[in-house]
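**Q** For the record, the sequence lines run as chains A and B. When we follow our numbering, the leftmost residue of the first sequence carries the number 5, and every step to the right adds one. When we follow our numbering, the leftmost residue of the second sequence carries the number 3, and every step to the right adds one.
Just to be clear, a hint being listed does not mean it is correct.
[Claimed, not checked] So the derived label-pair ranges between C-beta atoms look like this:
(1) Gly54/A - Trp109/B: 56 to 62 angstroms
(2) Glu12/B - Thr30/A: 28 to 34 angstroms
(3) Gly465/A - Phe13/B: 39 to 45 angstroms
(4) Tyr447/A - Asp76/B: 29 to 35 angstroms
(5) Gln57/B - His152/A: 51 to 57 angstroms
(6) Asp301/A - Phe87/B: 40 to 46 angstroms
(7) Asp86/B - His152/A: 54 to 60 angstroms
Everything labelled a hint here was simulated from the structure, so no lab data went into it. Idealized CB from N, CA, C, for every residue including glycine.
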Amino acid sequence: MAEKRKKKMGIKQRYSMLTRGLGWDTTYQPMDKVFPYDNYEGIIIHDWEGWEDPFRLTMDAYWKFQSEKEKKLYAVIDSFAQNNGHLGITDARYVNAIKLFLTGVSPLEYQAARGFTHVGRQFRGVGPRVACQMQAIDELRHVQTQVHSMSHYNKYFDGLHSAPHMHDRVWYLSVPKSFFDDARTAGPFEFLTSISFAFEYVLTNLLFVPFMSGAAFNGDMATVTFGFSAQSDEARHMTLGLEVIKFMLEQDERNIPIVQRWMDKWFWRGTRMLTLVAMMMDYMLPKRVMSWREAWDIYFTEAGGALFADLARYGIKPPKYADIATKEAEHLSHQAWHIFYNYTHAAAFHTWVPEKEELDWLSEKYPDTFDKYYRPRLEYLDKEEKAGRRFYNDTLPMLCQVCQIPMGFTDMDDPKTISFEVSEYKDDKYHTCSLGCKDIFDYEPEKYVQAWLPVHQIYQGNCGGTEIEDVLKWYNFNMGADNMEYKGSPDQKLWDEWQAHRKKA
Amino acid sequence: MSVTSIGKYEFEPLDKQENFHGNQLTYINWEQHLLFCAPVCLPLPPEMPFGAFVQEVLSGVYSKHPDFEKIDWDAAKWTLDGADFTPDLGKSLADNGLGHKSLIRFWTPGLKGIAGSHS
Chain A
5 MAEKRKKKMG IKQRYSMLTR GLGWDTTYQP MDKVFPYDNY EGIIIHDWEG WEDPFRLTMD
65 AYWKFQSEKE KKLYAVIDSF AQNNGHLGIT DARYVNAIKL FLTGVSPLEY QAARGFTHVG
125 RQFRGVGPRV ACQMQAIDEL RHVQTQVHSM SHYNKYFDGL HSAPHMHDRV WYLSVPKSFF
185 DDARTAGPFE FLTSISFAFE YVLTNLLFVP FMSGAAFNGD MATVTFGFSA QSDEARHMTL
245 GLEVIKFMLE QDERNIPIVQ RWMDKWFWRG TRMLTLVAMM MDYMLPKRVM SWREAWDIYF
305 TEAGGALFAD LARYGIKPPK YADIATKEAE HLSHQAWHIF YNYTHAAAFH TWVPEKEELD
365 WLSEKYPDTF DKYYRPRLEY LDKEEKAGRR FYNDTLPMLC QVCQIPMGFT DMDDPKTISF
425 EVSEYKDDKY HTCSLGCKDI FDYEPEKYVQ AWLPVHQIYQ GNCGGTEIED VLKWYNFNMG
485 ADNMEYKGSP DQKLWDEWQA HRKKA
Chain B
3 MSVTSIGKYE FEPLDKQENF HGNQLTYINW EQHLLFCAPV CLPLPPEMPF GAFVQEVLSG
63 VYSKHPDFEK IDWDAAKWTL DGADFTPDLG KSLADNGLGH KSLIRFWTPG LKGIAGSHS
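Go ahead and model the full structure; you've got the sequences and the hints to work with.
**A** Next comes the structure, spelled out in structure tokens:
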């Protein structure tokens with residue numbers, strides 16, 4: 005006699021079996037011993053069931069969504085390659101933005117996968133555990149699809165051949181690397197505040213929107229399609245970021261000052277890292293989307309303002325130094341590009357002085373500051389380059405102990421003067437670039453005295469040798485191809501040949 | 003501030019002076035000459051005379067700037083780790099009070115950088 009088949013479970017029921025149904029309280033060992041990391045940070049949780057799952061995805065639905073997106077993405081990547089899509093970009097200078105993304109940002113996706121895998125083990129609440137595990141898989145997918153989308157450029161352009169190796173060694177890549185190292189070595193709640201909230205919720209639009217619309221504006225369909233494919237994942241990640249904040253704030257009011265301090269810290273670290281995006285938008289895109297100043301006003305001042313107005317009911321204030329960061333939006337891209345222009349002989353991408361019309365665009369977008377502080381310098385550098393004396397800075401820079409960026413940022417009320425902060429800890433001096441970075445150091449000096457500062461490491465002899473050539477070899481650079489000025493680079497020569505060929509045809 | 007951690011949390015700083023082979027790190031900034039994007043960092047022997055520091059080290063770092071040869075060193079103003087400072091050119095860096103990771107800033111009155119832009 006045939007048994008009556010059980011009715012299939014609905015999606016809600018399946019989700020509940022997947023999460024709550026798979027969680028239990030341990031009996032052979034105390035829960036505190038099984039989950040030793042989720043209470044040492046001082047965050048008090050009374051009821052883990054109070055966690056509202058931000059996205060209710062079952063595994064089968066997840067695989068189905070993701071595989072459909074993958075099919076589309078890989079079809080576009082294939083057609084981009086078959087149709088020589090790289091010939092359709094606006095200018096070979098654009099590829100330098102890709103180089104920066106692949107070496108600076110994609111490895112962070114992998115770091116995120118590691119971080120979420122770790123904290124996805126550490127929460128005793130089953131809801132956040134599943135959410136983190138799912139995000140870990142997303143992040144792994146992102147690093148893979150980014151590498152696949154961008155690898156096409158590696159066939160033709162320099163500087164794209166050793167991204168993970170460079171990420172671990174090259175001086176400016178220590179900026180994003182140390183950001184994530186800092187987050188991953190924090191406790192699970194701080195990790196989620198740093199990555200899920202400060203980065204993915206508050207600042208993500210300032211990273212992804214500029215890169216993806218920059219790609220669209222500059223004819224890079226492979227990267228645009230990757231962006232679309234990641235977008236629905238990012239939307240889930242953002243809701244996780246907001247949920248974790250609300251969860252902590254609603255559980256116990258003693259959590260509020262801890263969460264506030266993490267927000268202050270990670271907002272500041274995040275804005276420092278976004279310096280790279282600022283200069284990409286204002287200097288590296290041959291066809292510009294909007295200025296960094298405009299992006300900051302829309303995505304931080306307006307959108308962020310609404311968010312913090314919403315969080316005020318929990319007693320949360322906007323991040324400390326948000327006012328300074330808003331002033332910086334006027335200067336950040338120019339100061340950052342100048343740092344890379346100084347040291348592009350030690351960078352795996354090219355820099356250049358913008359063309360005249362591009363300088364005019366910057367004058368128009370930054371009417372109060374560009375002509376006064378930055379344009380004369382760029383015109384001088386252009387003149388020197390044309391006279392065969394391309395300017396490079398031959399001495400290694402002083403770095404900030406916390407963000408690890410060369411100390412090239414000025415006092416925002418006095419753009420003629422570099423901003424300096426210093427702390428004393430156990431008879432040694434630690435220099436920082438800003439009050440934001442100094443606060444971070446002063447709160448946990450034991451953590452930041454261990455910073456692997458590339459310049460100091462070179463002088464200690466830990467980076468391949470004493471000569472700059474030794475260090476660049478240790479970075480895996482192809483000398484004279486990956487680094488140096490754009491004008492006269494092999495990238496430019498190849499691009500010019502293609503254009504000449506096209507004209508003839 | 004105490005450290006929030008799961009156990010004992012004490013580590014050696016990575017940049018102790020003994021890691022620099024007899025040198026000490028010195029940070030240097032020529033004020034209002036931002037053609038050089040940031041202060042520089044150099045490992046220098048503490049026994050180096052301050053005169054040699056000016057003539058050899060500073061000219062090695064900054065002589066590409068068109069203002070450099072116009073500097074009147076007698077008029078230059080100095081700070082060492084945030085305090086006003088008058089260097090004794092005949093004495094060593096250490097005897098002038100420079101320690102490991104000291105910051106030296108100098109101003110050159112009358113020189114305003116590229117096209118007056120403080121670059």
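**Q** Hints first: check each against the structure and report whether it holds.
**A** So, going through the hints one by one against the coordinates:
1. Gly54/A - Trp109/B: 56 to 62 angstroms: 59 angstroms, holds
2. Glu12/B - Thr30/A: 28 to 34 angstroms: 32 angstroms Cβ-Cβ, so the 28 to 34 angstroms window holds.
3. Gly465/A - Phe13/B: 39 to 45 angstroms: Given a distance of about 20 angstroms, which is not inside 39 to 45 angstroms, the answer is violated.
4. Tyr447/A - Asp76/B: 29 to 35 angstroms: 44 angstroms, violated
5. Gln57/B - His152/A: 51 to 57 angstroms: 55 angstroms, holds
6. Asp301/A - Phe87/B: 40 to 46 angstroms: 42 angstroms Cβ-Cβ, so the 40 to 46 angstroms window holds.
7. Asp86/B - His152/A: 54 to 60 angstroms: Holds: the Cβ-Cβ distance is about 58 angstroms, inside 54 to 60 angstroms.
When held up to the earlier numbered hints, the structure conflicts with 3 and 4 and fits the remainder.
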